[in-house]
Structure formats: C-alpha cells, structure tokens
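Chains as they are written, first to last, in this note's numbering: chain F, 25 to 132; chain W, 113 to 650.
Derived by calculation from the structure, the hints in this document are not laboratory data.
Honestly, I wouldn't trust all of these hints.
Distance condition first, Cα-Cα at most 20 Å in a straight line; then the derived EDC-like pairs of lysine to aspartate or glutamate [claimed, not checked]:
1. Lys-117/F with Asp-128/F
2. Lys-50/F with Glu-118/F
3. Lys-581/W with Asp-361/W
4. Lys-78/F with Asp-333/W
5. Lys-629/W with Asp-37/F
6. Lys-50/F with Asp-37/F
7. Lys-592/W with Asp-361/W
8. Lys-629/W with Asp-32/F
9. Lys-117/F with Asp-391/W
10. Lys-50/F with Asp-120/F
11. Lys-348/W with Asp-391/W
12. Lys-555/W with Asp-37/F
13. Lys-348/W with Asp-432/W
14. Lys-348/W with Glu-79/F
15. Lys-50/F with Glu-38/F
16. Lys-555/W with Asp-619/W
17. Lys-629/W with Asp-42/F
18. Lys-78/F with Asp-361/W
19. Lys-629/W with Glu-38/F
20. Lys-629/W with Asp-619/W
21. Lys-526/W with Asp-586/W
22. Lys-348/W with Asp-333/W
23. Lys-348/W with Asp-188/W
24. Lys-348/W with Asp-77/F
In this text the structure is predicted, and so the values were computed from the model without any measurement.
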Amino acid sequence: MAEPEADDSGRYDEVLADPRYQRLVKRRGRFTWLLTAIMLAAYYGYILLIAFDKEVLARPIGGGVTSLGIPIGVGIILLAIVLTGLYVRRANKEYDPLVRALRDGAPQ
Amino acid sequence: MSGATNWSAIGMFAIFVAFTLGITAWAARRTRTRADFYAAGGGVSGFKNGLAIAGDYMSAASFLGISSQIFGFGYDGLIYSIGFLVGWPVILFLMAERLRNLGRYTFADVASFRFAQTPVRCFAAVSTLAVVLFYLIAQMVGAGQLIQLLFGLQYLYAVVIVGVLMTLYVLFGGMIATTWVQIIKAVLLLGCATFMALAVLYQFGFSVEALFARAVQVKTDIASAGGLGADQAAAKGGSIMGPGTFLTDPVSAISLGIALMFGTAGLPHILMRFFTVPDARQARISVLWATGWIGYFYILTFIIGFGAIVLVGTNPAWVDAAGALRSGNMAAIHLAEAIGGNLFLGFVSAVAFATILAVVAGLTLSGASAVSHDLYASVFRKGQAKSDEELRVSRWTVVVLALLAIGLGVAFEKINVAFMVGLAFALAASGNFPVLILSLFWKGCTTRGVVAGGTAGVVLALVLTILSKSIWVDILHNPKPIFPYIYPAIFSMPVAFLTIWIVSLLDTSPRAAVDRKGYLHQRVRAETGIGADGASAH
Numbered sequence: 025m026a027e028p029e030a031d032d033s034g035r036y037d038e039v040l041a042d043p044r045y046q047r048l049v050k051r052r053g054r055f056t057w058l059l060t061a062i063m064l065a066a067y068y069g070y071i072l073l074i075a076f077d078k079e080v081l082a083r084p085i086g087g088g089v090t091s092l093g094i095p096i097g098v099g100i101i102l103l104a105i106v107l108t109g110l111y112v113r114r115a116n117k118e119y120d121p122l123v124r125a126l127r128d129g130a131p132q
Numbered sequence: 113m114s115g116a117t118n119w120s121a122i123g124m125f126a127i128f129v130a131f132t133l134g135i136t137a138w139a140a141r142r143t144r145t146r147a148d149f150y151a152a153g154g155g156v157s158g159f160k161n162g163l164a165i166a167g168d169y170m171s172a173a174s175f176l177g178i179s180s181q182i183f184g185f186g187y188d189g190l191i192y193s194i195g196f197l198v199g200w201p202v203i204l205f206l207m208a209e210r211l212r213n214l215g216r217y218t219f220a221d222v223a224s225f226r227f228a229q230t231p232v233r234c235f236a237a238v239s240t241l242a243v244v245l246f247y248l249i250a251q252m253v254g255a256g257q258l259i260q261l262l263f264g265l266q267y268l269y270a271v272v273i274v275g276v277l278m279t280l281y282v283l284f285g286g287m288i289a290t291t292w293v294q295i296i297k298a299v300l301l302l303g304c305a306t307f308m309a310l311a312v313l314y315q316f317g318f319s320v321e322a323l324f325a326r327a328v329q330v331k332t333d334i335a336s337a338g339g340l341g342a343d344q345a346a347a348k349g350g351s352i353m354g355p356g357t358f359l360t361d362p363v364s365a366i367s368l369g370i371a372l373m374f375g376t377a378g379l380p381h382i383l384m385r386f387f388t389v390p391d392a393r394q395a396r397i398s399v400l401w402a403t404g405w406i407g408y409f410y411i412l413t414f415i416i417g418f419g420a421i422v423l424v425g426t427n428p429a430w431v432d433a434a435g436a437l438r439s440g441n442m443a444a445i446h447l448a449e450a451i452g453g454n455l456f457l458g459f460v461s462a463v464a465f466a467t468i469l470a471v472v473a474g475l476t477l478s479g480a481s482a483v484s485h486d487l488y489a490s491v492f493r494k495g496q497a498k499s500d501e502e503l504r505v506s507r508w509t510v511v512v513l514a515l516l517a518i519g520l521g522v523a524f525e526k527i528n529v530a531f532m533v534g535l536a537f538a539l540a541a542s543g544n545f546p547v548l549i550l551s552l553f554w555k556g557c558t559t560r561g562v563v564a565g566g567t568a569g570v571v572l573a574l575v576l577t578i579l580s581k582s583i584w585v586d587i588l589h590n591p592k593p594i595f596p597y598i599y600p601a602i603f604s605m606p607v608a609f610l611t612i613w614i615v616s617l618l619d620t621s622p623r624a625a626v627d628r629k630g631y632l633h634q635r636v637r638a639e640t641g642i643g644a645d646g647a648s649a650h
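Here chain W stands alone, though its shape is the one from the complex:
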C-alpha cells in the first residue's frame, strides 16, 4: 500500500475536511473579539472541553507510536502510556481550577499574575514558542510521513496541506473551530480504537490471556526462526510481557517519568484549554472527562498493539524475517487493514490525518496567543491594546507560524518524531511547570526568581539534550555523548525549582516586596474565583 494512491482514504478525509471547514465558517461568524478567538468566549462546557482536551492530547504520535512500540517491545509501550496519563490527576489537584480563576487567555496570565508583567511574560512567551515549535515540528514531520504512506502523496504536498488546513481553521475559526475539530477528532479516534480493540478481542473469545499467549507464541516463533535455541526463543517471546530493553538505566527511566508526568502540566496548548470553560467547576469536570477518555484510549492502544503482534506480525507483506515492520511505526494502520480491509484502512488513515490537524491547530493557536497577548498586548502595548488590534496581530502570527511549521517540517524531514515530542515535554516540565507551581503555591516567589529559574530550566534541558547521544553523537557525529543519559528532566526540573527558590530568597528589590505582598490576594482569587467573574467577557 505504501506510495499507492488510496482513494477510499482520500475520499473519507475529504469528507472530514469539508465538514470541519463548514464548522470553521460557522465559527468564524461567532469569532468577533479576542475572547472568542483565544478562549471560545469562555462558553465551552466541561464535557465538551474534556473531549477537546483528549483530542488535543491523543496525538498521532501516541496512537501510532505507542501501538508500534507495543508491537515491537510489548509491555514497554504501556510504561509510556501510563506516564502520559498520570500528569492529569496532578493538573486537576494543583492547577486546573486555579488556572481558570486567575487567567484569561494564556498560562502567562497566571504565571505573571502578581509579578512584574514584562519580564515574566517575555519568559513565558519564549518558552511557549520553544515548546510549540518543537512539538509542531514533530507533528508536521509525522504528518508528512504518514500521509505520504497512507495517501500516496508526496511529503512536501502532505506538509503543505496540513499547514494550509490548520491555518484556515485557526485563522478564521479561532478557538471555537479548533475546539470542534478536536472534539470531532476525539470522537472519531475513540470510536475507531474501540472498534479495533473489540475486533481483536473478538478473535480471542474476549480473553486477554488468550491474546497475550498467542502474541508470546508469535514472538517465540520469530525468535526461533531467527536461529535461537528453544529455551532462548521462549525467553525472548515471553519478554514482551514485562519491562525490557526500552529503559536501560534507572536515571533515564525516572527522568522520562518526570518529563512525561510534569511536562503535560506545562504544555501551553493544553493549559490554554482551561480558559475556554465558564468557571472552576467546569474546569474540574473537563479534567475528569479528559482523564477518563485518555486512560480508556491507552488501554485500547495496549490491546491494539498486542493484536498487531498477532495479526500484523505474522504477515510477510508487512514485516521482514526478523519480525520488524517494513513501514516503521504503522502497526495500527496495518492492523486496521487486517481487520476491516481497504475501506476501514481508509477510515483509520483519515482519522490519523484528522488527529494531526487537530493537534497542530491547538499548538498554533497557543503559539499565536503567546505572541499577540503576552508579547504584543501586555509587553509592547502595556495592556492598552484594543481587541481588534490584538486579534490582527494574532492572526498574522498564525500565518507566520504556519509558514514556519511548513518550512521546518520540510527541513527536518529525517528527524526522529518521538525524540522531538520528548524534548517538548522536557522543556515544558523544566520551565513552565516549576514557574506555575511556585507562583501558585509559594508566597516568597518573586519576579526575578521566576524568570531566572524558568530560564535556567529551559536552557539546561536544551543544552543537556544537545550534549546527549541523540544530537551530540547521532547528528553532530561526535564519538561519545557528554551527557550520558537520554532524558534531561531529572536534572533540569530540580535546577529550575532550586534556582527560583534561591533567587527569590536573595531578592531584596522593591519589586520583590510587591510580589510577596500580592500572594494572599492571588490565593483568595485562585481558591474562590472572586474577581474572575466574566473574565472572559471582555
């Protein structure tokens, strides 16, 4: 199927595009002010926002990446899924309601609430753009590769199509259209994954044990065909039921755990979703729905991955003699074809494309709001910008970001997508997350502390990544990595916390007194929402 034009996939995707563009046209008529554009007027219900969050979060990387990881390594894929999920309860307990009560359009509203606006917003905007750009590159490259394979389109065309469609959604429909694209995509993806998991389980009389046993058998057969003795082959086959080679050293395991868990709580496009609901109660309800949907989705992914071992891993059309996929990470896509033939393959392909579109739309909107709301309106115009002026800047930024995303998507065609996603999470966990937590919970936190610590965390995460094997050896071709681990967050996140703490303690500036004095009032508003009423109305 690779490279051949798949008309059923293109047809179904065309229906999705036509439908979502219709919604965008409808949303465009409702997008008049910056509140509409950034936050859908604050009128999204908790249930809808929960679905939209799930839609924003369940990227093609998690659907295709994790199911392929399970296909290859079995149990290890589940470790990833769990890490992606456990950030959500923490977001609910510590952040969701406070974000809603303190902020209006961007997480920088919250981070800078009691601090000097200019320095904190500059930091927040830069760190938002860094996270958004890395995540965008990952999504664009993923999109290009996926569409090339599924639809038989050229990589360049695929990237341009994603860029143009995403621009149309965000430019005209703002947050309203973005939210609906995410909701539709979430429903499609959940429906599609449910069907696949049920179809797999059906073949095993709904016994997961029977599914696992068969998967172990398949892996054992592949190992013995590869020349291993009976005992070794059985051990190799059985290894898919436990944690294996994927996390070799303890430091990397914990570091990845930190990045996944706390990175989620620092992703600007995710945090932004809490400004679309009317109040703290709806913010809370949206996290419950999101956690439920995402958890359910990861359990499905696990079944799909094991189903792929059995149904895809035995088909020589898709795997080579060693049992590795010819197509890289398309296990779920092949499984769709094995289950439902060409038509279902087309449907899943269209859903995968829709998935990427929804995620890039959310990312672009959050990047644009960082430029227009934080940099232009708050820093450059000192909060005096009119709604129309701010909107104009935001829309131009959308166009610039889209061009940038297309350009970078083409330039980084060969980059490892999972690595870029990991980097975005590490940056978010090392910059935005410590800044938000300490500004929300520590009275002594000051402007200088936040800016110094947040910057230290982001820069250290970047530098350690450059010095690690992924870049220092694989891209820059040095013989040995200077930083011996794969993931930086175990060092960069504590450094950020520590720097904020020390710099704040030593800060004796007049501004620091104002910062500390503001804490109690900030806390009242964060806890009760008093003063936040109608925050999204103007």
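Okay, chain F solo, but in the shape it has when bound:
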C-alpha cells in the first residue's frame, strides 16, 4: 500500500503520454472548476448579502409575507442538486468512455 506506484509506474508513463489522457484531464478540469466556481459564487454571494445587506432578503415579494430570501435560499439548495446532476450526467456520458478507453488501451 505504501508505495503503490511501484507496480504501475510504466503504465502511468504511457497514459501520461497519451493525448486522450491530456484531453480528458483538460476537459474535465475545466468543467469541474467552472461548476465549483458557480457554487462558491452563489453561496458566498448569499453569505455576503446576509453579512452586509440583510434588508434585500427580508423584502416581501408578491404582496404577501413571503420574502425574497425564501426563493433565493431554496434556489441555492436546488442549484446545488442541479449542479451535481449536471456533473454526474456529463461524467457518465463523456468522461467514463474516455477513461475506459485509456484503461483498455494501455497494455498490461
């Protein structure tokens, strides 16, 4: 366990040189950091709003008592679920086949 590279070292070098690997890492990296940035921006935007301008969230909407903070708060919860769903769908469809090709392609 301590030095797992020992057995697979040669294979890793082959994969590293494989353009498909470079493509996978680049594409997936871009997508995951984009999603992470969206989540962080939404959440910290919300926290900053709470920290500096509570009034906005307390403002009633639609003539009743329901405040703007309710749809925004529930919206962030739904956004979190939607973003995870988007990533899982793309990973299943696009990244998994690429990973499989890399694993099968590299000889033992």
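Following the hints, position chain W against chain F.
Relative to chain F, chain W alone:
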C-alpha cells in the same frame, strides 16, 4: 411529557434495536477481513451509499437543532441548512472520485499517497481523532438529553445505552452493519419528515404563503402580548421572514460559511464512505443521491420549523409567555405530538434516537480505523500488519472509543451541542480539507508542507476557539474574549493553506523531490483509477 416514561416510544425503539441487531448478526458473518470491516468490502452501490451518506450526515443536531432554530428565529435556520448542503457539490467536483481512486480505507490513504507515510499518517490520525471526539461528545450529550426527555430515562443510562448499542454494531458488524443502520435511519427520518411537512402544509391548503402569514401573525401576537406597540410587534413578527440577529457581524457570517461548507469536505467519517463503493462512477452517483436527499430534507425542515411556530408556539403547555420552548430544542418533537398524537410522538422519538446511533457508529468506525489502519498498520508496522492483526487493533479501539465517548458524554453533560458540532466542522475545514486539496491538486506540495500546514490549521482553530467568547468567557469566566469572533475558520483555514504553500516552497529536502515527482503518477491514478482496481479486495 418531559421525564415521564413514554412506552410507545420505547416500544418502537425496541423494534428498531432488535431489527438492527439482527442485521448486525447477519453482517458479522460477512465481516472477515479488514476490507469488510472498514469498507464493507467495497461492495455498496452508489444509491445505497448515497442514502447511507445522507443517514450519516443528517444528525439529530440538524433535525432538532435547525427546526428549533427556525422555530425561534425563522429564516436564520435556513442559512445553516444551506451551509450544510453546499459542501456536497464541492466534494463531488473536487474529491469524491479521486478519493475512491487513490484510497482504500481512510482519507489518510489519499492524503499520504505520494508523501512520507509516517508523518502524514500521524497528522491525519490525530486530526481525525480530534474531529471524531468533538463530534462524538456533541452526539452523546445530545443523545443523553434527548433520551432523558423523550423516554424518561436517566441521562447516564441514556448515554450508556447509546454507547453499548453503537459498540455492538461497529464491533461485530463493522462497516456493513454501520451502512445498513445508516440507510434504515435515513429512510425512517426522511419518511417521518415528509409526513410532518405534508401534515403541516395540509392545514394551510398546501399554501406556503398561508403558512408563513400565520407564523408571522403568531410571532406578532406573542410580541404584542409581551408589551410591544402595534408597529413594533408587527416588525418583530415580520422579522422571521428575513435574516436576523443570528449572524451579527460579517466576519462571523463568512467564517461560519467557510466552516460549514469546507468542514463537510474534511469530516473523516464522511470521507470514509467513499471507500465503500466499487469504483469512481459509484462514488459520483452516491454524492448525487446524498445531495438530493439532504437538500430535500433541509427544505422539509424549513416547513417543519414554521409549522412548529404555528402549532407548537401557540400551545402554553410547550412554550412560556415569551414564546420560548420550555424544552430547549425539541420543537420538531412537540410538532410530532401536535400532528399525530402520542403514537407519532413515540415514532419520531424512536427515529431521533436511531439517528444518533447511526451517526455515532459511523464516527466510531472512522476513529477506530485512524488508530488501527493509520497508526498501527502503517506507522507502527510499516504496512506489514496482517488483516487479522489490524482487525483486532481496530476492534479494541472501538471499545476504547466507546468507553471514552460514554465518559466524555457524562463529563460534558452541560456543554452546548451546537457549539461542539461547529468546532468539529471548523477543525475539519482547517486541517483535513486544505491537506487533501493541496495534495490532490498541487504538484509542489511536500510532506513537510502538509504536516506543518495541517497542524497549524488545527492548532489555530483550537486556540482561537478557546480564546473566543464560548470558552474564554462562558466557561473560563474571563471578562472579555481575546478572539472577538465566534467562529475561527475564516482565519485558521487560510493559515493552513498558506503554511502548506510556504513550507512546501522552502522545502529542499530529498524527500520533497520524491513528493513532487510522485505527483504526475498520483494524478493519472486519481483521474483514471488505473491501479486502483480491486483496491478493496485485499
């Protein structure tokens, strides 16, 4: 109901215990190797693991704590829920699949992957034990108080019962039994919360606006009964629809946000769940399910909290003249009684007890694996320990941790549970999280950097907490806190990142060269899972 023996609750809880002990006996026959014990043999599907994660994560603190917060302050409770949820997408995008591909039993497998084993695993084990112990104390104290109130049992008995049951699950059934206890608990809790939310909405013709309007009215009436003028009372009542007093200064608000979001991504018992699935694909699917269930649960909690304002807040049996609960944070429990009478009260009480059991089982297992896998097998035996030997150490550690949890639960009876949970999250966000992120994503990261930065983050979070009002003033009775904010993570997490970065940059040791050289191969394995096949088989 407080203090009176509640037989329907005890009866339903007895059924739960009998059923889960049956599962434990079944799981015990399947627990032969350390892979079974730590990771359920890596055979849990993404869907089941998602439910188990949700079960591990939706603690009694979130069910009872957040619904009571909403009961008291309205909207503020939602801010907490959102913070607890938004860590999950980040775990998925940056960590879940990589954890599965690089690790086998503990997150230290991943954190130490390309580094010198002994120092990194020692750090990881100590920080795991710190997080686990604080979280355990919170759960044990919560359990004791809850059971005392719900079942009419003495605090000491309640803590001992939780400790003994949890030991039985983990000791004999390992991760298989723990996973099933968590799944069953998640299903019960979600079902129960769904029923409560629907019952509340039913009374308002399924209009949330009508529910909110009535809640505002109730709060306004309480305020005017307290002697406020009509305008002031209306303002006070309306204040539950927006963020209020709960996060007073911006620094505390952001600091809490950091601890909640990134703490989740550093909780050892949560990270450990990613080793129970067969591959990265299932790891990913489990986060989607977990996020969905947890998000759904928090939306339910919001409705339950507002329902409690209306249905519990107007009942003088449960609240005093100022509208505060006589029982502390049992709003959801009272609501259960208001909705479904004594029988449903018993059911919800049993579910709340089951909830605590599932969480403490997961915590104890992760603490035990840190001792047996990281300290004993990797550091002390240098990776030469046999499966049987490692298992024996792990099981003894379970017993020791259970005794410790019982002892600390009794010693800290009066501690503020929410504070302890917050501390556990702050430690995880300041130690484990920066270490994992930089070891996964930064080539230049070295053994020394990780150990120095992780330690700095954990120690600073602890010290700042001790110097803050919660301990320095409230417990040590000093006149003024030295650290003016409530939550430390806004300082301690960046300090951890910065220390890892600077120490790694300055590190010119021979080991540092090995560490940096290992990055590219680690990355291939993290991205593709090549070499991780059958990682859980032996």
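Against the structure, the hints:
| no. | hint | in the structure |
| --- | --- | --- |
| 1 | Lys-117/F with Asp-128/F | 17 Å, holds |
| 2 | Lys-50/F with Glu-118/F | 13 Å, holds |
| 3 | Lys-581/W with Asp-361/W | 14 Å, holds |
| 4 | Lys-78/F with Asp-333/W | 24 Å, violated |
| 5 | Lys-629/W with Asp-37/F | 12 Å, holds |
| 6 | Lys-50/F with Asp-37/F | 17 Å, holds |
| 7 | Lys-592/W with Asp-361/W | 17 Å, holds |
| 8 | Lys-629/W with Asp-32/F | 15 Å, holds |
| 9 | Lys-117/F with Asp-391/W | 16 Å, holds |
| 10 | Lys-50/F with Asp-120/F | 14 Å, holds |
| 11 | Lys-348/W with Asp-391/W | 52 Å, violated |
| 12 | Lys-555/W with Asp-37/F | 16 Å, holds |
| 13 | Lys-348/W with Asp-432/W | 18 Å, holds |
| 14 | Lys-348/W with Glu-79/F | 14 Å, holds |
| 15 | Lys-50/F with Glu-38/F | 17 Å, holds |
| 16 | Lys-555/W with Asp-619/W | 13 Å, holds |
| 17 | Lys-629/W with Asp-42/F | 19 Å, holds |
| 18 | Lys-78/F with Asp-361/W | 11 Å, holds |
| 19 | Lys-629/W with Glu-38/F | 16 Å, holds |
| 20 | Lys-629/W with Asp-619/W | 14 Å, holds |
| 21 | Lys-526/W with Asp-586/W | 12 Å, holds |
| 22 | Lys-348/W with Asp-333/W | 10 Å, holds |
| 23 | Lys-348/W with Asp-188/W | 14 Å, holds |
| 24 | Lys-348/W with Asp-77/F | 18 Å, holds |
Against the hints set out earlier in the document, violations occur for numbers 4, 11.
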